[in-house]
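A.B. asks: Given these sequences and hints, build the entire structure.
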Amino acid sequence: MSAHDHDHMPITNGHEPAAAMRARALEELLVAKGVLRAEEIRAGIDWLVSRTPADGARLIARAWVDPEFKQRLLADARSAALELGLDPGPSPVVVALENTEVVHHMIVCTLCSCYPRALLGPPPAWYKSLPYRSRAVSDPHGVLAEFGLEIPDDVELRVLDSTADIRYLVIPRRPPGTDQLSEEQLAALVTRDSMIGVAQPSAPALA
Amino acid sequence: MTYRVGEPVTIATRAHSGHHRTPAYIKGKTGRIERLHAAFRNPETRAYGDDGLPEMPLYLVSFERSDLWPDTPAGGSHRIYVDVFEHWLEEPK
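Protein chains in written order, with my numbering: chain R, 1 to 207; chain S, 1001 to 1093.
Keep in mind that the hints are not guaranteed to be accurate.
Listed next, the in silico BS3-like pairs over lysine-lysine satisfying Cα-Cα at most 27 Å (straight line) [stated by the list, open to error]: (1) R:Lys128 <-> S:Lys1029; (2) S:Lys1027 <-> R:Lys128; (3) S:Lys1027 <-> S:Lys1093.
If you are wondering where the hints come from, they were derived from the structure by calculation, not from laboratory data.
C.D. replies: Next up, the structure:
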């Protein structure tokens, strides 16, 4: 029996992947047992897909132009996001980690796909892949080299495995030659991957 | 919170058949406390419909790469930082 007043076959294209079938079965059970309403599930999915890395980029650009804001971001990224009118999401603690001349951070979730979705949007497919999840902790230099990022020997590399309730966000280094750019122009340089710690921000376009 | 920043801790090796958030690659390994996050509901009971109370303290623990994978040559040195609940932490022997 479906949630409304008649039985019917599920609406699919006939080639539904196993994971999608499992998700749909779970969704139907949750609704049938009264745990969630279908509208709540739809609203949750709408929220997830509406998030983009532009929100994270606004935080980073503000931190680059305002040292006091950067200190507040490092102390409590959730409050800093709220200060800019951004939605930091359901995670009670968001931690921002600053890349410097001597320290580089990168983020992984070896157990599943924990990710600061509220500020970065849905994680890229590679972030959820087994090769990234296993190699990011055991051979991060090799992984970063495949992303085109060389970490010099004198830079301390820190890999954050987000295994619990904390969500991590990297504050990448501000690119050289950007002194004249506005906060908005700076935000356009902050890529998703640079906030995961697998890339540097984009270089500014030559004037 | 029982442990302090900078203190060495060893991750418990005890068997745990159900859902838990302590990755296998750090079990039995010794690292050091980097941050005291806060207390959070226990995912080991929440996963089965329980309320996850009492909340358990959560720490950020860091490990030297060579302590986790001593036999694997690395492209460089790095440290791994993992969030671990207090009931998985032990004093090093």
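A.B. asks: Look at each hint and say if it fits the structure.
C.D. replies: Verification of the hints:
Between R:Lys128 and S:Lys1029 the alpha-carbon distance is near 25 Å, which keeps this suggested pair within the 27 Å criterion. As the CA atoms of S:Lys1027 and R:Lys128 are separated by approximately 23 Å, the hinted pair is consistent with the 27 Å bound. Restraint check for S:Lys1027 and S:Lys1093: satisfied, since their Cα atoms lie roughly 14 Å apart, inside the 27 Å limit.
Checked against the numbered hints given earlier, this structure breaks none of them.
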